[in-house]
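2 protein chains.
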Amino acid sequence: MDDKLMLMIPGPTPVPEGALLALSKHPIGHRSGDFFKIMAEVTENLKWLHQTKNDVLILTVSGTGAMEAGIINFLSRGEKVLCGSNGKFGERWVEVATAYGLEVDTVTAEWGQPLDPEQFRAKLEADTNKEIKAVIITHSETSTGVINDLEAINRHVKAHGALMIADAVTSLGAFNLPIDEWGIDVVASGSQKGYMIPPGLGFVAVSDKAWEAYKTANLPRYYLDLGLYSKSAKKNTNPFTPPVNLFFALQVTLQMMKKEGLENIFARHQRLTKVTREAVKAMGLSLFAADECASPAITAVVPPDGLDAEDIRAIVKKKFDIVLAGGQDHLKGKIFRIGHLGFVSDRDILTAIASLEAALQELGYQGFTSGAGVAAAARVLAES
Amino acid sequence: MDDKLMLMIPGPTPVPEGALLALSKHPIGHRSGDFFKIMAEVTENLKWLHQTKNDVLILTVSGTGAMEAGIINFLSRGEKVLCGSNGKFGERWVEVATAYGLEVDTVTAEWGQPLDPEQFRAKLEADTNKEIKAVIITHSETSTGVINDLEAINRHVKAHGALMIADAVTSLGAFNLPIDEWGIDVVASGSQKGYMIPPGLGFVAVSDKAWEAYKTANLPRYYLDLGLYSKSAKKNTNPFTPPVNLFFALQVTLQMMKKEGLENIFARHQRLTKVTREAVKAMGLSLFAADECASPAITAVVPPDGLDAEDIRAIVKKKFDIVLAGGQDHLKGKIFRIGHLGFVSDRDILTAIASLEAALQELGYQGFTSGAGVAAAARVLAES
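Chains as they are written, first to last, in numbering that gives the first Met the number 0: chain A, 0 to 383; chain B, 0 to 383.
Quick caveat, the hints were computed from the structure, so don't treat them as lab data. Warning: the hint list may mix true and false statements.
If several chains are the same, the list does not tell them apart, and a pair holds so long as it fits within one copy or across any two.
As the list claims (entries may be wrong) - Think about it this way: if two alpha-carbon atoms lie no more than 25 Å apart in a straight line, the pair counts; the simulated DMTMM-like pairs of lysine to aspartate or glutamate are:
(1) Lys157 - Glu211
(2) Lys3 - Glu16
(3) Lys234 - Glu94
(4) Lys233 - Glu309
(5) Lys316 - Glu361
(6) Lys316 - Asp304
(7) Lys230 - Glu309
(8) Lys79 - Asp224
(9) Lys36 - Asp310
(10) Lys52 - Glu40
(11) Lys24 - Asp345
(12) Lys24 - Asp2
(13) Lys36 - Asp328
(14) Lys280 - Asp307
(15) Lys331 - Asp307
(16) Lys317 - Asp33
(17) Lys214 - Glu102
(18) Lys122 - Asp148
(19) Lys230 - Asp328
(20) Lys230 - Glu94
(21) Lys52 - Asp179
(22) Lys258 - Glu43
(23) Lys3 - Glu40
Note that the structure is a prediction, hence the values are computed from the model and not measured.
The following block holds chain A by itself, in its conformation from the complex (with noise of 0.2 Å):
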């Protein structure tokens, strides 16, 4: 049905409608009185919602530009790193780091596992001579729905003294990272995800002991030259034209988010992640990460033997204007993806649920009792 379409996809992710409202407001300069004041006001909510006195920037970019902005503002060229990779943006962390010539070692993981806390730390330990200068890894790994262990890989890259980098695209403003508390050096995320806003705004946390890196830093930059970013940023302004008005919305969103709280915005994450991993138990499918390293943002499912994912996507489109979000390379077909992350409300996960479920019988699954997965999903609602 024409306008009825839902994103259950890790991203963009759902926008509220003041946040859709502030979004066609006129632009208004950005060199202007009224902008500094939206400047300081959404600089000082990040900071709240990273949990940290740390600068937060504000970048135009995608995810993806965050993240390397977050990397190559604190090495220099043949610089040795440690890249986590269990998934496509662990990956991809890989090749951004090779593409500027840094010497990447890595600690793997098979796609839909997490890793191994035990293998930093003994990487880390290994490395006596301090060569290793960061340590790189993906937060929540939106491809295959894991939550890697920051808190405990962090204990070992501080143990070690390097620096310690995250992607939290998909973990930021949906699970609990306590910037300052855990001592995390570099925080990347972006606009599309739990700030509930469309794509377009890439956000930095940089520590006090990034900031010291940066100084000696070689590696070429310039728009994503953060330095320039925190230089503006203490006059409430940026160093090139921001998209003004996701930073109209940005500012609708963020006062949301500070209403709501950030121990009921986790919350709400875990619930949306339980209700949706019990109802697709109950419905007979397989979880493809474990409940122990279950992203709060993103749940993998694979589908029963002789169902291809890409078809329940389909039918769930066409029949019910729902987005689910399908495998990425190798996975494309095996697996299919419920996004639950940003404004998502238990309502959307029972609707994505008995969705899911009106489109397996319509397959002609004969794997469960129909009705289980809105049961399963209504207990587990109930209990919390």
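Given the coordinates of chain A, work out where chain B should sit on it, guided by the hints.
Leaving out everything else, chain B in the frame of chain A:
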């Protein structure tokens, strides 16, 4: 007065209602058939606007990001480039090239003066070893309201064989720039200018000759790697999550531009420029740039002795809710700039002139016959 703001700055420029409403639509997935259709239409219309069969790639960046991509994808460390520098943006491309370890030679002119094509000819003819790999210039220098003679400079570049890389951020969609006819290799621009939408998208047109250079160019890049965008564009998609709402708006304004037609768009900008300049002269103020090199996007004005440009801007803003641009860097307070780029009509420019007259009167300026500015503007409009 609240909600009465009128932007007469070189960007962000005013946005038509249809584009504002498109911005406020719910995002759609960027890996969907619906988005692929938008990408296909928008890309085709961008080629029309650029008067080219070359690739025109779309990045989530400001104009600086687009221009940086236009430089770093086609050069290798240590290679020599010749940059034109006669304003803030010309200076910026020198900074970018230097940041990436390129060897930079420059042709300079005072701010407010155009670059001299003869100086390019002399340097290029002297370069018999063909060490200069690219010539980089700003077409319309936003900081001073000067348009450089890209066509003439490019003829010398063509004779030499280097790549011609042009910043067309405030000329694209305002001034005739027939890329294929002239043979310009790389042209960068940004959405908040002639495109009539808010900031957030950058565009880079790339010739076959530039793609040849890309094959061996070794400056590090990933997010700004145009090869990734070109590969994705062939499938009507993007390597990284694009700002889908800005695409909705771009779709609308490109349709509007096609309806108006290139010749009409260029004629309108010529007319607005002439109206502004004749009115400024009639008010006894000075023009910062000569008629022969007047940018179609922006007119820089020197206030009469005893008046500060910032005071004039302040009154125009406070009394009439019109935002004019100030001078940048050493020109702050010495000039103000009237933007007439993008979605600007005859009525808008007449309004700006009338408001400027009223402000000058309020400041006690005696150097003109009250009403002379509007009279001159009306005369030009009647003759056009």
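Against the structure, the hints come out as follows:
1. When the C-alpha separation of Lys157 and Glu211 is checked against a cutoff of 25 Å, the pair qualifies only within one copy, where the shortest distance is 16 Å, while the shortest distance between copies is 46 Å.
2. Both within a single protomer and between protomers do Lys3 and Glu16 lie at most 25 Å apart by alpha-carbon distance, with minima of 14 Å and 23 Å respectively.
3. Taking the shortest alpha-carbon separations for Lys234 and Glu94, only the inter-copy value of 22 Å comes in at or below 25 Å, while the best intra-copy value is 35 Å.
4. Proximity of Lys233 to Glu309 under the C-alpha cut-off of 25 Å is restricted to the inter-copy arrangement: shortest distance 23 Å between copies versus 48 Å within a copy.
5. Taking the shortest Cα distances, Lys316 and Glu361 sit within 25 Å of each other inside one copy (13 Å), while across copies they are farther apart (62 Å).
6. Proximity of Lys316 and Asp304 under a CA criterion of 25 Å is satisfied intra-copy only: 21 Å inside one chain copy versus 67 Å between copies.
7. Taking CA atoms no more than 25 Å apart as the test, Lys230 paired with Glu309 passes between copies only; the shortest distance there is 24 Å, against 47 Å inside one copy.
8. With identical chains, the CA atoms of Lys79 and Asp224 are at most 25 Å apart both within one copy (20 Å) and between copies (23 Å).
9. In this homomeric assembly, Lys36 and Asp310 come within 25 Å of each other (Cα to Cα) only across copies, at 22 Å, whereas the closest approach inside a single copy is 49 Å.
10. Taking the shortest Cα distances, Lys52 and Glu40 sit within 25 Å of each other inside one copy (14 Å), while across copies they are farther apart (45 Å).
11. Proximity of Lys24 to Asp345 under the C-alpha cut-off of 25 Å is restricted to the inter-copy arrangement: shortest distance 23 Å between copies versus 30 Å within a copy.
12. In this homomeric assembly, Lys24 and Asp2 come within 25 Å of each other (Cα to Cα) both inside a single copy, at 21 Å, and across copies, at 9 Å.
13. For the identical chains of this complex, Lys36 and Asp328 are inter-copy neighbours only, at 23 Å across copies versus 43 Å inside a copy, given an alpha-carbon limit of 25 Å.
14. Taking the shortest alpha-carbon separations for Lys280 and Asp307, only the intra-copy value of 18 Å comes in at or below 25 Å, while the best inter-copy value is 72 Å.
15. In this assembly of identical chains, Lys331 and Asp307 lie within 25 Å of each other by CA distance solely inside one copy; the values are 9 Å within and 63 Å between copies.
16. Taking CA atoms no more than 25 Å apart as the test, Lys317 paired with Asp33 passes between copies only; the shortest distance there is 13 Å, against 44 Å inside one copy.
17. Proximity of Lys214 and Glu102 under a CA criterion of 25 Å is satisfied in both settings, with 20 Å inside one chain copy and 23 Å between copies.
18. Within a single copy, Lys122 and Asp148 get their C-alpha atoms as close as 16 Å, which meets the 25 Å cut-off; across copies the closest is 58 Å, which misses it.
19. For the homomeric pair Lys230 and Asp328, the shortest alpha-carbon distance between copies (16 Å) is at most 25 Å, but the shortest distance inside one copy (40 Å) is not.
20. In this assembly of identical chains, the alpha carbons of Lys230 and Glu94 lie at most 25 Å apart only when taken from different copies (17 Å versus 29 Å within one copy).
21. In this assembly of identical chains, Lys52 and Asp179 lie within 25 Å of each other by CA distance solely inside one copy; the values are 7 Å within and 51 Å between copies.
22. Proximity of Lys258 to Glu43 under the C-alpha cut-off of 25 Å is restricted to the intra-copy arrangement: shortest distance 15 Å within a copy versus 44 Å between copies.
23. In the homo-oligomer, the alpha carbons of Lys3 and Glu40 lie at most 25 Å apart only across protomers (23 Å), although the nearest pairing inside one protomer, at 34 Å, exceeds that limit.
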